[in-house]
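Asks: Please take these sequences and the hints and turn them into a complete structure.
Listed here are the chains, written in short residue letters.
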Amino acid sequence: MVTSTESVTQNSTARRRGGMSAMERRRTITAYVFLAPAFAILILFLFIPLVQVVYYSFTDYDMLRSPHWVGLENYQNLMHDDLFWTSLKRSFIYLSVTPVLIVLSIALAIIVNRPLRGVNVFRALYYIPVVISAVAIGMIFNFVFAEPAGLINGLLRQLGLIDTPIHFLTDPDYVLPSIMAVTIWRGLGYYMVMFLAGLQAIPEELYEAAAIDGANKLQQHLHITVPQLRPVITFVAVISSISALRAFDEIFILTDGSGGLLDSGVTTMFYLYRQAFRFLNIGYAASIAVVFTIITMIFSLINLRLLEGRADD
Amino acid sequence: MKRLVITLVVVAMLVLSAMPSFAQGGHRDTDPFWNPTPELIESWRVIDGVEEGAELTFWTMSLSPTFDEYIQKIVENFELTYPEVNVTWEDQPWDALQDKTRNAFAAGDPPDVINLSPAWIGEFAEAGLLMDMDEALAAYPEIREQYSDGAWTTQTYEGVSYQIPWYLGLSNFLGYNKALLEELGLTPEDLPTTWPELYEFSKLVRENSDYYATSLNFGSGIELNLLPYLLYDDVPVYNEDGTVGLNTPEAAEALQLWVNLVEEDLIPRESLTDDHRQMVDRFSQGETVIIRIAPHMLRLVEENNPEVYANVGVAPGIVGTSGANGVDVQSLVIPKDAEYPNAALALAVFVTNPEAQAAFSKEVGIFPSNLLSYEDPFFQTVEEGNPISSIRPLAYDYVVNAENRVVSFPNDAEVQQAIVDAQNAALLGEKTPQEALDDLVAQMNELIAAAE
Numbered sequence: 001m002v003t004s005t006e007s008v009t010q011n012s013t014a015r016r017r018g019g020m021s022a023m024e025r026r027r028t029i030t031a032y033v034f035l036a037p038a039f040a041i042l043i044l045f046l047f048i049p050l051v052q053v054v055y056y057s058f059t060d061y062d063m064l065r066s067p068h069w070v071g072l073e074n075y076q077n078l079m080h081d082d083l084f085w086t087s088l089k090r091s092f093i094y095l096s097v098t099p100v101l102i103v104l105s106i107a108l109a110i111i112v113n114r115p116l117r118g119v120n121v122f123r124a125l126y127y128i129p130v131v132i133s134a135v136a137i138g139m140i141f142n143f144v145f146a147e148p149a150g151l152i153n154g155l156l157r158q159l160g161l162i163d164t165p166i167h168f169l170t171d172p173d174y175v176l177p178s179i180m181a182v183t184i185w186r187g188l189g190y191y192m193v194m195f196l197a198g199l200q201a202i203p204e205e206l207y208e209a210a211a212i213d214g215a216n217k218l219q220q221h222l223h224i225t226v227p228q229l230r231p232v233i234t235f236v237a238v239i240s241s242i243s244a245l246r247a248f249d250e251i252f253i254l255t256d257g258s259g260g261l262l263d264s265g266v267t268t269m270f271y272l273y274r275q276a277f278r279f280l281n282i283g284y285a286a287s288i289a290v291v292f293t294i295i296t297m298i299f300s301l302i303n304l305r306l307l308e309g310r311a312d313d
Numbered sequence: 001m002k003r004l005v006i007t008l009v010v011v012a013m014l015v016l017s018a019m020p021s022f023a024q025g026g027h028r029d030t031d032p033f034w035n036p037t038p039e040l041i042e043s044w045r046v047i048d049g050v051e052e053g054a055e056l057t058f059w060t061m062s063l064s065p066t067f068d069e070y071i072q073k074i075v076e077n078f079e080l081t082y083p084e085v086n087v088t089w090e091d092q093p094w095d096a097l098q099d100k101t102r103n104a105f106a107a108g109d110p111p112d113v114i115n116l117s118p119a120w121i122g123e124f125a126e127a128g129l130l131m132d133m134d135e136a137l138a139a140y141p142e143i144r145e146q147y148s149d150g151a152w153t154t155q156t157y158e159g160v161s162y163q164i165p166w167y168l169g170l171s172n173f174l175g176y177n178k179a180l181l182e183e184l185g186l187t188p189e190d191l192p193t194t195w196p197e198l199y200e201f202s203k204l205v206r207e208n209s210d211y212y213a214t215s216l217n218f219g220s221g222i223e224l225n226l227l228p229y230l231l232y233d234d235v236p237v238y239n240e241d242g243t244v245g246l247n248t249p250e251a252a253e254a255l256q257l258w259v260n261l262v263e264e265d266l267i268p269r270e271s272l273t274d275d276h277r278q279m280v281d282r283f284s285q286g287e288t289v290i291i292r293i294a295p296h297m298l299r300l301v302e303e304n305n306p307e308v309y310a311n312v313g314v315a316p317g318i319v320g321t322s323g324a325n326g327v328d329v330q331s332l333v334i335p336k337d338a339e340y341p342n343a344a345l346a347l348a349v350f351v352t353n354p355e356a357q358a359a360f361s362k363e364v365g366i367f368p369s370n371l372l373s374y375e376d377p378f379f380q381t382v383e384e385g386n387p388i389s390s391i392r393p394l395a396y397d398y399v400v401n402a403e404n405r406v407v408s409f410p411n412d413a414e415v416q417q418a419i420v421d422a423q424n425a426a427l428l429g430e431k432t433p434q435e436a437l438d439d440l441v442a443q444m445n446e447l448i449a450a451a452e
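As they're listed, the protein sequences go chains A and B. For what it's worth, the numbering used here labels the leading residue of the first sequence as 1, then goes sequentially. For what it's worth, the numbering used here labels the leading residue of the second sequence as 1, then goes sequentially.
It is worth saying that the hints were derived from the structure and are not from the lab. Hints may be right or wrong, so weigh each one.
[Claimed, not checked] Using C-beta positions, here's what the derived DEER-type ranges look like:
{"hint": "1", "chain 1": "A", "residue 1": "24", "chain 2": "B", "residue 2": "64", "range": "26 to 34 Å"}
{"hint": "2", "chain 1": "A", "residue 1": "80", "chain 2": "B", "residue 2": "134", "range": "37 to 45 Å"}
{"hint": "3", "chain 1": "A", "residue 1": "29", "chain 2": "B", "residue 2": "107", "range": "51 to 59 Å"}
{"hint": "4", "chain 1": "B", "residue 1": "394", "chain 2": "A", "residue 2": "54", "range": "57 to 65 Å"}
Glycine included, every Cβ here is placed at the ideal spot set by N, Cα and C.
Replies: Below you can see the structure in the form of C-alpha cells.
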C-alpha cells in the first residue's frame, strides 16, 4: 500500500526525474505558444528562403523555367569571374566609410551634447538625412554633384578654386568616393544619436576630476570619452561595417541603376542584384549571396574579436 | 477666402496635370470610337472562335488615371463587340511591370493581355512563354496588313514577332529653340539631319557661343545605345559565318564620332549619364539649341518652361547612313498558354483597331501602329501654337517607312550589358573604338554560344 508520504516522495522523485512540475510545464508550453507565431514568421520569411537560396546556388534557374541542377558549376564560375572579385574589392573599399562615420559621429555627438539653447533643433536637423527617402536623395545629389554649376562645382568655381568642374558621377575614378560620401552624409545622424546616448551615460565627475588634474578638453575626450564609449564604438563599428558591405541604395539611385560608368560603382551587392534581377541568373546570384554571406560573417567575427580584444586591454 | 483660393489653385493644378497636354477637346462628340454605331461594332468583330464565358485580365502600363476614360471605353466597346467575354482592366506602374510580369509567369497565373515595352519581350520569348503573333495572325492576313511593318517587327526573337504593336512614339525628330537659333544667326535649314552634320553643327555652336548645340542621353549607355546607332548606320549584325560582325571599320568610325563629341566638349559631359528627362531639362533651361525628342515629350518642355516652349519648332531628326527611322512601340503580348487564346487575341486586335487607335491619338500626342487610323482627317490638321501637330501630316510616311533593325539575342540582358560596357569604354577613352568593338564582338559571340 502507498502512503501519502510515499506518494509525495514519489512525486518529488518524478519531478526530479522529469525536471518539471505540472505548473512549470504549463508555463513552458505557454511561453512556446507565444513564441510560435514569431517563429513561424521567421521560418516562412527567413529560414525557408535561406535554404532556398542555398539550393538555388546549385542550380541554373531564371525564374521563368524550373531550376536545373548543375552542382558546383556556379561556384566554379564565380572563382573565375573577374567582375565578382573587383566588386568584392570595392565592397571592402566601401568599408572605409566606417571609421569616418565613427569619428565624425562622435565629434558631432560631443558638439550637440552641450546644454545650448536650440541644440535640439540641430540634433533634429542632423537626423533628417536618415529619414529622407532614397528618391529624394537621388534628386538632391543630382543637383549637388551636377556639372558645371551644381552646388559643389558652382561654389568652387565662384570661389575660384577650380577651373573645370569635378566629374563626380561622370568620371569612373570619382563615382565610388562620391557615393561613399552620400553614405556618410546619410549615416551621420543615425550614429550620432547612438553616441549621444553613450555620452550622456558618462559621469560628469570624471571630467571634473580630469580638469582638476590639469587635463585639457582634447585630453579629456581622448582619455575619458573614447574609453567610456568603447562598447558603443564596438557596436557601431560592427553594424556600420555590415551596412557598408551591403551598400546598395545609394549606388542604385546615384547611378540610375546602371552601377556607374565602366561599372565603377558596382559592389558585390549591386553585382548580385544585376545577376538576379537584370540577367535573371538566379542560381548564379544565389551562389554570390552564399559566398558573400560567409565572407561577411567571417569579417564580422574578426572585427568583433579585435574590438573586444582592445576593450579588454 | 484665402484657404478657398489656395484649395482652388491646388485642385486646378491637379486637374491640369491630369489633362493630356494635346487633348483636342470636343472631339469625342463626333468620334466614331466614342459613339460607335451597330454597324461599326459589328465590323470590329474579326476574330473567330472566341471562347464563350471567357474572363480576361488586361494589364496596361502607367495609363491610369490620365486615360481611365479611354481604357474603360475600350473595355466597354470590346464587350459590346464580344458580349460573351468579360474583361478586367488593371493598370501597373511602369517601373514595376517587368517584375510583376515575371512573377505572374513564375506563379503560373499571368494576365491574358499584357502591355509591355518591347525591350522586355525577349526574355519571355526566349523562355517560350509568349504567343507567336506571326502564327496567330497568319489566319487573318487582312488584319496583319493593317500594322506598320516597322512596328510589327520592332522586337523579334529568332525572326519571330511575339507582340502586336499598340501606340507609337515617333521619336526621331528635332525640337529646336527658335530664339537661340536666331541669336546664332542660323535658320532651320541649317539644322543637322545626319550624325556627321550634327558634329559640324555642334562645333559651329560651341565656337560661336557658350551654348551647346545639343546634349545627348547616353544614360550610361542604356538610353542612347550603340547597337541601334550602328544598325541604322548599315553596320550588319552578323557576318556570313553567323558570328557577330559589329566591329567593321565603318562601325569604329561611327563610334569615333560619338567619342569626338565627348572629348572635344561639343556636348555636356553629363550626357554620359543623363537620361531623357535630364536632356529635356537642359533644353528647357535654354542650355541647348536642339534636342532629339519624340514630339509628344515636348509637353515636358511646356511644363518646365513655357517661355522656351513658346519658341520651339520641330524638324526631321538625325538619321544614320541608312536614312531609316525606327519607332518607339508599346506592345501587347499574350501568354502562349492563355486560358482563352482566341478571346485574348480578339482583345489585343480590338485595342489596336483603326478607330481605337485614332481616338487615342486625339487624347494624347502618340501615333497609331494601325495604318488605317491615318485615314482620319485628324492626321492632316495642324494647329497654331501646337508644335506636335506640325508632324501629323508627316506621321503616316514616317510610320509606313519605319524600319526595325534592332534584334534580340539569346542571353539578351548580358549581351546588352556588354554593349553598354563597350560603348562607355570608348566614350571614356579607356579603349579605342576599334578595340572596344573587337572586345564586344568576342564577348557577344561567347554569350550567344553559351546560351545555345
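Asks: Are the hints correct? Go through all of them and say.
Replies: Consistency of the hints with the structure:
Between residue 24 (chain A) and residue 64 (chain B) the C-beta distance comes to about 60 Å, which lies outside the given range of 26 to 34 Å. With their beta carbons about 40 Å apart, residue 80 (chain A) and residue 134 (chain B) fall inside the hinted range of 37 to 45 Å. A hinted range of 51 to 59 Å is violated for the C-beta pair residue 29 (chain A) and residue 107 (chain B), which are about 38 Å apart. At roughly 58 Å, the beta carbons of residue 394 (chain B) and residue 54 (chain A) sit within the given window of 57 to 65 Å.
In this structure, the earlier hints numbered 1, 3 are contradicted, and the remaining ones agree with it.
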